[in-house]
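**Student:** One-letter residues, chain by chain:
Number of protein chains: 2
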Amino acid sequence: MLPTFSLQFPIPISDYPTITLAHGGGGKLSQMLVERMFVPAFANPELETLHDGAILDFKLQIANSKLTNADGQSAICNLQFAFSTDSYVISPRFFPGGDIGSLAVHGTVNDLAMCGARPRYLSAGFILEEGLPMEELWRIVQSMAAAAQAAGVRIVTGDTKVVERGKGDGIFINTAGVGVIPAGVQIAPGRARPGDVVLVNGPIASHGIAIMSVREGLTFETAVESDSAALNGLVEAILAAGGEAVHVLRDPTRGGVASSLNEIAAAARVGIRLDEARIPVLEEVRGACEILGFDPLYVANEGKCLVIVATDAAEAVLVAMRDHPLGRDAAIIGLVVAEHPRKVYLRSRIGGLRVVDMLSGEQLPRIC
Amino acid sequence: MLPTFSLQFPIPISDYPTITLAHGGGGKLSQMLVERMFVPAFANPELETLHDGAILDFKLQIANSKLTNADGQSAICNLQFAFSTDSYVISPRFFPGGDIGSLAVHGTVNDLAMCGARPRYLSAGFILEEGLPMEELWRIVQSMAAAAQAAGVRIVTGDTKVVERGKGDGIFINTAGVGVIPAGVQIAPGRARPGDVVLVNGPIASHGIAIMSVREGLTFETAVESDSAALNGLVEAILAAGGEAVHVLRDPTRGGVASSLNEIAAAARVGIRLDEARIPVLEEVRGACEILGFDPLYVANEGKCLVIVATDAAEAVLVAMRDHPLGRDAAIIGLVVAEHPRKVYLRSRIGGLRVVDMLSGEQLPRIC
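If you read the protein sequences in the order shown, they are chains Z and C. Here the first sequence is numbered in numbering that gives the first Met the number 0, starting from 0 and rising by one per residue. Here the second sequence is numbered in numbering that gives the first Met the number 0, starting from 0 and rising by one per residue.
Worth flagging that the hints you see were computed from the coordinates, not collected in a lab. Being a predicted model, the structure only gives us computed values, none of them experimental. Ideal Cβ positions, reconstructed from N, Cα and C, are used throughout, including at glycine. It is possible that part of the hints are untrue.
[What the hints assert, rightly or not] If you anchor each label on the Cβ, the simulated ranges turn out as follows:
{"no.": "1", "chain 1": "Z", "residue 1": "Gly-360", "chain 2": "C", "residue 2": "Glu-235", "range": "15 to 25 Å"}
{"no.": "2", "chain 1": "Z", "residue 1": "Arg-164", "chain 2": "C", "residue 2": "Leu-49", "range": "23 to 33 Å"}
{"no.": "3", "chain 1": "C", "residue 1": "Leu-49", "chain 2": "Z", "residue 2": "Lys-58", "range": "30 to 40 Å"}
{"no.": "4", "chain 1": "C", "residue 1": "Val-38", "chain 2": "Z", "residue 2": "Gly-151", "range": "47 to 57 Å"}
{"no.": "5", "chain 1": "C", "residue 1": "Gly-130", "chain 2": "Z", "residue 2": "Ile-290", "range": "42 to 52 Å"}
{"no.": "6", "chain 1": "C", "residue 1": "Arg-35", "chain 2": "Z", "residue 2": "Arg-164", "range": "19 to 29 Å"}
{"no.": "7", "chain 1": "C", "residue 1": "Phe-8", "chain 2": "Z", "residue 2": "Glu-235", "range": "49 to 59 Å"}
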């Protein structure tokens, strides 16, 4: 059977004849692959929302024919699931605050939570390189099990492949996840509205800087730890406080806060204004960013959540976030505006206004 | 929070200090990793069935309070899903009869179908090596899209990572899938019963021999093609014909028919007897096996399905299989017996009886 999509090559081959590291960086080239290759080829409404996961609608007639509603119609069961996947190739495999195993659980749990879902089940696909020490695999597996238990999800199915020495890099892990979206919850990047408030649950850029410090052999007075964490509990608290006023949830991983907010601005055709002075960054992370030449807005996070919420509910959501262990330093960092649609602006500490574009090129390879 | 599982190292480290290719081969060492490391660490009832995928039960109270049954109880919606994952690392990426893209769709569709589910949605996680020609990626993506369309599934969510040159091997693909199990269907390796009949939908070992021929540069008078195919349509026909008499479905991929039947014999605590003369193998595949020194029973398949069914329904299931394009050469190849539980025996063409053990060691690395 022939596919119905055009067979024309979708990307200017003279500009990009081969895959580069930047195609996996979460910035402009990643976006190009998704929007010009994967979405047209796999064309379907679920994929086109460009959410952190797909929202799946199941509408099922109830088998029991004795069940009817007041109008004599038989019962229909409406269920919404979220379904998401990520592969983890982080280097190094063990880092301050976590390892590839805990990260592989947190990352997919968070992608489901960002769809407003309650994460329930994970799969785990291992691609191991011949020669990986068995003891390292065991530490990673234990870490996954502990992270899954803490997040309240089960790893229910899996697969293991082994590739020859020199054809992999120790261990890559893919996790996919399934979660149930409670009735009434409707979270999507396209739902940001002018007047909405942008919040974050704490200081940004810690994960990327923790990884980079290890790689570069940097030491600071205070060790920088990854913020890697499962955010599903925090999201439940946010939804309990904000209800339908919660419009968008997003975990700013690869490409950082800047890239995530650009994606939201594009999906909702709105502008976003950030206030630099309000964006929390740990002192040691800020220092490391200066030394390494990074802008914290572009550095990856693994335990952070951007929340876009209607103004009236913002205070209640902020209070709920601060009541949660993973939201103690939550802050309002910006506003959604009707002006400059599809663009993100930052008001700097000294009062200037500058465009915050998506990440272009590769800032930190293999950060997750 | 601490995990509840023991932290003791589960595998004799002096015997297996590092991961070997055989740990990914689908034989005894693969089984050891699953049974002694993953299952104890991730302990949960879904994982312990050792099915091709996990069976997930969702029991949900219907929101509409007007709906009650004859006893005045409110409606409960019972849904069973199958959830499965596989990573694909096959080398070479393009082979006679398919490529890594079509394989990544067929493999996961088949794992869901082997749970008795109707496959609905797939995820796709790409791990690309820096330097992969963009044109190759596009051919693979098109092939996935065409395979998904032909199988009636949608690729609804995905992820792309890029690793440095020399840290991967062109492209690895993980797919996970979700399918709905129709009410009344109950398929599990543990359901094989003495007296049941073992069927296969056509000649075995073609996939493994097709891959091996390309790798070894062998040419035969008739080219050997992979049998890679989506089996969900065939499974629907089998279930329509056999109903609840269909006890087990299994696609004998890595480790071949021998390893799959050993897993079933162990799960159901039954013996299985095969009749060599009844097992279909293409002439050119048999010839290649002789040249290469392989036993077809241990060679991987990607479009084959073992069916274990109660005797009374065997004829109807066989007819239904032969009516389907992917089952034209279906055959009854053996019987489930009460004798020699957990063992598989083969009656050879010359009448001798020999034990068919699980694959031990690595026969064909990176066959899928």
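**Student:** Does each hint fit the structure? Answer for all of them.
**Tutor:** Results of checking the hints against the structure:
1. Z:Gly-360 to C:Glu-235: 15 to 25 Å: Given about 48 Å between the Cβ atoms, the range is violated.
2. Z:Arg-164 to C:Leu-49: 23 to 33 Å: holds, 29 Å
3. C:Leu-49 to Z:Lys-58: 30 to 40 Å: Distance hint for C:Leu-49, Z:Lys-58 holds at roughly 32 Å.
4. C:Val-38 to Z:Gly-151: 47 to 57 Å: The hint (47 to 57 Å, Cβ to Cβ) is violated, given that C:Val-38 and Z:Gly-151 are roughly 20 Å apart.
5. C:Gly-130 to Z:Ile-290: 42 to 52 Å: violated, 31 Å
6. C:Arg-35 to Z:Arg-164: 19 to 29 Å: holds, 24 Å
7. C:Phe-8 to Z:Glu-235: 49 to 59 Å: Violated - the Cβ-Cβ distance for C:Phe-8 and Z:Glu-235, about 36 Å, lies outside 49 to 59 Å.
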